[in-house]
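A.B. asks: Residue numbers (my numbering), protein chains in the order written: chain A, 9 to 338; chain B, 673 to 962; chain C, 235 to 550.
Honestly, the hints are just simulated from the structure, not real lab data. A portion of the hints provided could be inaccurate.
[Unchecked claim] Some residues of chain A that are not near chain C, with every Cβ distance over 12 Å (derived): (1) L13; (2) D144; (3) R208.
[Stated by the list, open to error] Example chain C residues on the side facing chain B (calculated, C-beta under 10 Å, incomplete): (4) A254; (5) L264; (6) R359; (7) P360; (8) A362; (9) A376; (10) I387; (11) L400; (12) A484; (13) V485; (14) V488; (15) A506; (16) V522; (17) V526; (18) N529.
These numbers come from a predicted model, not from an experiment. Glycine is no exception: its CB is placed at the ideal position from the N, C-alpha and C atoms.
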Amino acid sequence: MSDALLDVTNLTVRLPVGTELRPVLRDVSLRLEAGESLGLVGESGSGKSMTARAIDRLLPAGAEVAGTVTFDGSNVATLSGSALRRYRQQVAMVFQDPRAHVNPVRRVGDFLTEALRLNLGVAAEGARRQAVDMLDQVGIDHPDRRMRQYPHELSGGMLQRVMIASALLTKPRLLLADEPTTALDVTTQAEVMAILDELRHQFGLAMIFITHDLELAAAVCDRTAVMYAGQIVELRESERLHDDPLHPYTAALAAARPDIARTAERLLAIPGRPLSAFEAPSDECAFASRCPFVADICRSGLPPLDRIDSGASRCFRAHELRGRLSAVRS
Amino acid sequence: MTTIVPLEAVEVGEVSTRGRSPWQRLRETGVVGMGSAAVLLVAIIAALIGPYVTPSDPNLPNISLSFVGPSAGHPLGYDYQGRDVLSRLLAGAQSAMLGPLVVVALSIAAGVLLALVAAWRRGAADSVISSGLDILFAFPAILLAVLATAVFGAGLTAAALALAVAYTPYVARVLRGAALRERSRPYVAALEVQGASAMSICWRHLLPNLGALIVAQATILFGYAMVDLAAISFLGLGVQPPTANWGVMIEENQVGIVQGYPLPALSAGIAIVLVVIAVNLLGERLFERQ
Amino acid sequence: MQLRFFVRRLVMLVASLLIASFVIFGSLYLAPGNPLAALSGGRSLPPSSLHTLEARYHLDKPFFEQYWYWLSNVAHGNLGLSITLRENVSTLIASRIWTTAGLVLYASVIIVVVGIGLGIVSGLRPGALDTTALVVTAISAAIPAFVAAIVLILVFAVKLGWFPTLGNGNDLVSNIRHFTLPAVALAISSLAIVARVTRASVRAESGRDHVQTAISRGIPTRALLRRHVLRNAAIPITTITGITIASLIAVSAVVETAFSLNGLGAYLVQAAQSKDIAVVQGISLVLVAAFVVVNLLVDVAYALLDPRVTLGTRAQ
């Protein structure tokens with residue numbers, strides 16, 4: 009029934025910690041059309057990386073998954089063996105720390121051509137030529153020489169470009185980018201982000217872009233989902249997120265970001281500490297303990313993710329607070 | 673045997689022993705750890721009082737009792753010369769346990785000293801010490817011990833000294849690395865600026881910080897020293913018969929294995945294996961889990 | 235860069251061999267007791283004969299001259315004369331070296347096949363087999379070669395009669411039969427250590443982030459294990475196996491003695507007991523050389539396997 013490329017419905021994941029199962033994702037639902045980009049924003053521990061891992065079936069052993077992930081009409085949970093591998097070839101992943109995510113004892117060329125040769129049966133020379141082309145496209149000089157080097161001979165920024173190149177080489181349909189620029193220094197961040205954005209459009213790729221940076225997500229993505237304590241608390245078109253937030257947490261995130269244009273005396277920090285999904289209460293709003301707008305209703309039960317205009321918010325008071333939230337900023 | 677290997681493998685990454693009493697830590701090691709500790713305790717008691725509580729004279733031969741099996745009062749029977757095996761086992765515990773202790777103490781002392789000097793002085797002193805250690809690495813422990821007994825004559829002293837020398841580079845290499853890391857911490861520079869003497873910084877700060885690693889090394893080393901010393905005695909180059917020693921007992925009763933009287937040799941072998949397993953397991957439980 | 239590393243290691247090898255030879259010669263030179271007394275076998279000889287002996291063994295020369303003389307002879311393959319057997323030490327070593335080499339090689343094969351094999355299987359498959367392997371290796375790591383020797387003789391030679399108890403064989407098949415128990419005795423504790431390190435390395439490598447990357451790209455499991463998990467685990471496994479095998483060279487003395495094998499180690503022990511200085515010197519030198527060469531090979535293998543190593547040694 010779904011014509012979306014990716015359809016995540018009521019995804020709940022619990023991971024074994026010691027002897028108990030702790031929830032990390034709670035009732036996450038999202039849809040992604042082909043070529044569309046979605047930002048996934050939240051503090052560490054909010055479940056944004058776990059969402060990507062659950063989509064790519066990369067959860068640790070013993071994870072308990074409820075809900076469905078449907079990709080191009082087929083249920084991802086039922087895939088196994090070669091079908092699962094074919095699925096993963098269509099969903100490419102770019103990780104946060106390229107240094108750790110590229111095998112240090114294999115040459116850059118091997119890393120780039122591995123999937124082409126082993127999965128798509130491209131001959132060695134053809135794979136090499138494609139890889140050199142792609143390195144050129146991600147802006148790496150002397151691609152021939154780089155191919156023969158080892159990862160430790162490349163800088164972090166260059167290695168992340170290699171990772172992006174390798175993700176694009178197998179012509180996937182969905183890109184999961186898990187904080188691809190967080191580990192890089194600021195000037196490199198912008199370059200890598202620009203290359204990622206440009207090539208994504210050029211290849212017509214759908215993308216889930218994970219970041220803790222609300223503004224960055226808004227700049228790159230069509231829509232943005234804000235996560236808190238394992239739940240999506242707001243889902244919105246990116247351009248409206250900043251000026252017309254529907255959830256107090258989104259507003260607080262926006263306010264906590266330093267803004268070079270403003271000379272605020274001091275940044276507005278969110279009081280309290282972010283809750284992990286397993287600490288969050290199941291009978292009230294997860295943000296209630298830190299929310300400046302908390303009211304009795306917030307403690308009355310778990311708020312549903314209600315549609316508001318073209319977006320959605322998991323806040324009981326979303327309608328009455330609308331318009332007042334962005335004022336938190338100034 | 674001289675597989676000194678794990679000494680390097682066990683470059684105990686995070687040895688944390690903070691804030692808990694030894695007894696608490698022992699209890700956290702569970703059944704295996706407590707069992708190992710019990711075996712060790714028995715061996716230590718045997719080493720301390722064994723020679724004085726032997727049920728029979730461990731050195732009194734009686735050829736008519738040669739390889740006679742267990743009987744009342746002689747639960748392990750008699751050895752090839754008709755001596756009581758249990759008595760010899762008890763009497764032999766002393767050299768079997770004390771020898772390795774001396775080896776460990778010497779090599780740890782030398783290793784710590786070299787590591788601290790190398791880490792403190794760095795530069796030329798470090799290069800000299802490191803190259804010296806590299807050369808010592810060329811001598812396998814058993815070979816050095818055999819060489820020493822060839823020079824000074826067979827005996828426990830020469831063998832133990834040689835083993836201590838052979839183990840020193842392994843201790844020093846690991847501790848030097850740890851000491852260098854500690855040396856480069858900002859607090860050491862701060863102490864230097866405040867005018868603390870090198871001796872006092874090494875003694876009061878570096879050494880205590882290496883403490884857990886040193887104890888872990890000593891534990892591992894004890895097992896190796898025990899096996900290697902027993903091997904030297906087994907080769908006839910260590911403790912000399914008729915003095916009782918576990919290695920000697922295996923050597924002199926080896927003939928019983930083929931003749932169908934395995935107990936005298938086997939009991940000494942089992943004693944060694946039990947103590948080594950106990951030391952290894954206890955060390956592993958104490959130091960390799962957080 | 236790698237060439238520089240190899241050259242440096244080679245120079246270090248020659249240097250440590252030279253110093254080792256000096257230590258071996260020097261310590262035995264300093265040994266208490268008059269070498270002439272050993273030469274004459276305790277008999278009192280007329281002064282003229284003593285002079286002849288002194289001249290023949292260069293005992294009348296200063297220390298460094300004696301060392302130099304000995305060293306240049308060693309370089310020409312002449313290790314002197316055995317005092318007890320009155321034979322050329324080089325000849326005696328040549329006739330025994332294959333026993334020791336064969337024993338160490340056989341044990342190495344057992345360690346590589348069983349130790350690494352067991353480690354990989356239990357590293358990749360947690361479960362009953364893995365738990366059993368952990369217990370068994372914890373015990374066998376603590377079994378000294380001479381204890382293993384008596385147990386193996388008791389069980390497989392005396393009780394079951396599958397293997398001969400003592401001595402070398404005289405053709406290939408009987409050689410293998412004669413060497414099986416000694417090789418197992420020599421291998422047993424090293425095997426356990428190699429298995430444990432292999433298991434730990436395979437576990438550690440399986441959990442690396444870059445393995446996640448490969449999984450996320452849909453790389454087939456076999457290729458994943460071969461190209462990433464085992465390829466990377468091969469670095470610590472090769473190192474531990476190498477140093478373990480190097481250590482067998484000296485321990486072979488114990489096993490040869492226990493099984494009455496006619497090898498270098500057993501001969502060294504006899505020579506040490508009878509103070510046959512030339513033999514002790516010669517065999518020590520050969521064993522030290524073998525030990526450092528194997529260790530050099532380990533370092534070379536390490537440098538070849540790990541591209542991050544250019545200079546420096548395996549210890550950080």
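A.B. asks: Is the hint on V526(C) kept, meaning its closest Cβ partner in chain B is under 10 Å away?
C.D. replies: Where the cut-off is 10 Å and the nearest Cβ of chain B is about 5 Å from V526(C), the hint holds.
A.B. asks: Per the CB criterion, is A254(C) less than 10 Å away from chain B?
C.D. replies: 5 Å, holds
A.B. asks: Does R359(C) pass the interface hint, meaning its C-beta sits closer than 10 Å to a C-beta of chain B?
C.D. replies: 22 Å, violated
A.B. asks: Return the status of the interface hint for A484(C): holds when the least beta-carbon distance to chain B is below 10 Å, violated otherwise.
C.D. replies: Interface hint status for A484(C): holds (3 Å vs cutoff 10 Å).
A.B. asks: Just checking, D144(A) versus chain C, shortest CB gap more than 12 Å?
C.D. replies: Correct as stated: the minimum Cβ-Cβ distance to chain C is 21 Å, above 12 Å.
A.B. asks: With a cut-off of 10 Å on the beta carbons, see whether L400(C) makes it to chain B.
C.D. replies: 8 Å, holds
A.B. asks: Would the stated hint for A376(C) survive a check requiring a Cβ distance to chain B of less than 10 Å?
C.D. replies: 4 Å, holds
A.B. asks: Hey, does the A362(C) contact hint survive, CB to chain B under 10 Å?
C.D. replies: 18 Å, violated
A.B. asks: Is R208(A) truly not at the interface, in the sense that its beta carbon sits beyond 12 Å from all beta carbons of chain C?
C.D. replies: 18 Å, holds
A.B. asks: Is the interface hint satisfied for A506(C)? The criterion is a beta-carbon contact with chain B at less than 10 Å.
C.D. replies: 4 Å, holds
A.B. asks: Is L13(A) truly not at the interface, in the sense that its beta carbon sits beyond 12 Å from all beta carbons of chain C?
C.D. replies: 18 Å, holds
A.B. asks: Checking hints one by one. Is P360(C) an interface residue toward chain B, by the C-beta closer than 10 Å rule?
C.D. replies: 18 Å, violated
The structure fails to meet hints 6, 7, 8 from the earlier list, while all remaining hints are met.
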